[in-house]
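Trainee: Residue strings, one per chain:
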Amino acid sequence: MNWTAVRSIYIFEMFRFFRTVAQSLLAPVISTSLYFVVFGAAIGSRIEQVEGVGYGAFIVPGLIMLTVITQSIANASFGIYFPKFIGTFFELLSAPISFLEIVMGYVGAAATKSLIIGFIILITAYFFVDFSIAHPLAMVAFLLLTTISFALFGFILGIWAGNFEQLQIVPLLIVTPLVFLGGSFYSISMLPPFWQAVSMFNPVVYLISGFRWAFFGTADVPILTSLLAIGLFTGVCLGIIWWIFRTGWRIRQ
Amino acid sequence: MANIVEITDLRKSYKDGFQALKGVNLGIEEGEILALLGPNGAGKTTLISTVCGITMPTSGTVTVGGHDILHDYRAARSMIGLVPQEINLEPFERVINTVRFSRGLFGKPSDDAAIEKVLRQLSLWDKKDNQIRELSGGMKRRVLIAKALAHDPRVLFLDEPTAGVDVELRKDMWQIVDKLKEDGVTIILTTHYIEEAEAIADRVGVIAHGELLLVEEKTKLMTRMGQKELEVQLTETLTEVPRNLQSDDLALSSDGHALIYTYDTNAERTGITKLLADVAAEGLVLRDVVTRQSSLEDIFVNLVKEDAT
Ligand SMILES: Nc1ncnc2c1ncn2[C@@H]1O[C@H](COP(=O)(O)OP(=O)(O)OP(=O)(O)O)[C@@H](O)[C@H]1O
Ligand SMILES: [Mg+2]
Chain A
1 MNWTAVRSIY IFEMFRFFRT VAQSLLAPVI STSLYFVVFG AAIGSRIEQV EGVGYGAFIV
61 PGLIMLTVIT QSIANASFGI YFPKFIGTFF ELLSAPISFL EIVMGYVGAA ATKSLIIGFI
121 ILITAYFFVD FSIAHPLAMV AFLLLTTISF ALFGFILGIW AGNFEQLQIV PLLIVTPLVF
181 LGGSFYSISM LPPFWQAVSM FNPVVYLISG FRWAFFGTAD VPILTSLLAI GLFTGVCLGI
241 IWWIFRTGWR IRQ
Chain B
1001 MANIVEITDL RKSYKDGFQA LKGVNLGIEE GEILALLGPN GAGKTTLIST VCGITMPTSG
1061 TVTVGGHDIL HDYRAARSMI GLVPQEINLE PFERVINTVR FSRGLFGKPS DDAAIEKVLR
1121 QLSLWDKKDN QIRELSGGMK RRVLIAKALA HDPRVLFLDE PTAGVDVELR KDMWQIVDKL
1181 KEDGVTIILT THYIEEAEAI ADRVGVIAHG ELLLVEEKTK LMTRMGQKEL EVQLTETLTE
1241 VPRNLQSDDL ALSSDGHALI YTYDTNAERT GITKLLADVA AEGLVLRDVV TRQSSLEDIF
1301 VNLVKEDAT
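Chains as they are written, first to last, in the working numbering: chain A, 1 to 253; chain B, 1001 to 1309.
Incorrect hints may have been included.
Within a straight-line C-alpha distance of at most 30 Å, the following computed DSS-like cross-link-like pairs (lysine-lysine) qualify [said to hold, decoys possible]:
(1) Lys1218(B) x Lys84(A)
(2) Lys1218(B) x Lys1181(B)
(3) Lys84(A) x Lys1305(B)
(4) Lys1218(B) x Lys1179(B)
(5) Lys1171(B) x Lys1128(B)
(6) Lys84(A) x Lys1274(B)
(7) Lys1181(B) x Lys1140(B)
(8) Lys1022(B) x Lys1228(B)
(9) Lys1108(B) x Lys1127(B)
(10) Lys84(A) x Lys1228(B)
(11) Lys1127(B) x Lys1117(B)
(12) Lys1181(B) x Lys1220(B)
(13) Lys84(A) x Lys1128(B)
(14) Lys1228(B) x Lys1274(B)
(15) Lys1128(B) x Lys1117(B)
(16) Lys1305(B) x Lys1220(B)
(17) Lys1127(B) x Lys84(A)
(18) Lys1140(B) x Lys1108(B)
Hints in this document: simulated from the structure, not taken from any laboratory.
Here the structure is a predicted model, which is why all the values come from computation and not from measurement.
With the hints as extra help, turn the sequences into a complete structure.
Mentor: Take a look at the structure:
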């Protein structure tokens, strides 16, 4: 294992993040604040409580998930697509490193970035609403798993993408709807039975539910099911990456 | 001496079915400078990319320092530095950071002294904190070389290092290459400039249509393939070649002051003695005799022409 290479990639990517740290952090903080103003204050004031939690606090886990998922995908997909786009990818291919090390470097950096952003949002949320975290360790673990698994997904996306449009269309067309319909702003139990059943096919539901459990101790689905779902998703992503690694798909001609 | 790079029956077909390498065999000796010449699309970049791990060979084997490039890729690639044909650099990155990154990628521990040495060697030290986009084209190419050298490779591939580089800088580049050779680095460079191969290479390989047409020591190649010209300068001016001397090999110079005789250096008899005797018999007075050797360029053009037919 070439750990020096993994660290080099990781540090290089993190530098890129810190170089533009203002815009990297400002954007999610502003959009989160807007969500709180619109959903928490304006709409939330008309909603009493959801599952025993004030609406403003109820949407905190969903909001963090929304941002963390989109950021993980965006960071990882861009991180690996960019060298392909500007042509510096040859260096990764000619270096004495395996695909695993490339993945660890890029996915590690992408996951770290979105983890930082996740915590910034958490802190921002404290300025708007009062809440406490029932299972802090589980919360961190969930956040970590989510950032890593979606960074893996983003990595696949970045390898697959042939242009910037493709890089953006998948998050826009698939991920954003799944996250919004995954119960970020509502409890699945508030839906009619039919849509509740449909929701069970949305993997993000399990994530948000599990994450919310870490905050408030209540969930739409059992916590173990949530863990299983995210484990499955991570496994599928790892499998695809392993296959890419084996075949050199979209990497080596 | 054992070959540091050994390429055996290397073939490459791209996905669209195009056969870019058709069974290349090539041994590269440690410490030599090998120039690969060939027209556009000959397969030079494909050959280099395959050895360096950027493209997958369709069949055949390559070893670097005895390590197979597929089965023992870590050991093989650790020995190689690659300067690609295209200038591929991150515009907003700082020079020193990209060079550090390259060193790290190859698994070498960070070493500021080593980085400084490479940057100084390429006259980039005073630009080390500049962003890439603030550099001139020639400087960018040198950054690429610095990145390739950052991990002290034993074998350096330079894919058209002097394309689009002015004469001054080209000479600089040759000096850098010379210096690297002194340090014992094996260098493989591709070029379209014959004079470049002539100036710095120990051996020359010619590629066309995915085939290695020949590899030979530069000096041998030039004598073996070389046609020589003998210019017999005269005191008087002629309007045509004297009847008694007329042959296919003899021509009159445009100003009529000299006879130009073309001969093959490999031939049993060059015919020079006879020619000079005939000239004397004709009553012509010699002013001077000059020989000229054909350049690699002529050889190259002839080879590629032959291959195309
Ligand atoms: N990715 C690819 N897919 C299909 N064909 C390719 C690919 N890359 C190169 N080729 C083809 O392979 C042949 C050799 O290309 P290569 O880049 O090796 O030539 P070259 O000798 O380096 O030329 P140049 O002097 O122009 O750099 C060309 O006909 C080219 O079109
Ligand atoms: Mg080329």
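Trainee: Checking each numbered hint in turn, tell me which of them this model violates, lowest number first.
Mentor: Violated: hints 1, 3, 6, 8 and 10.
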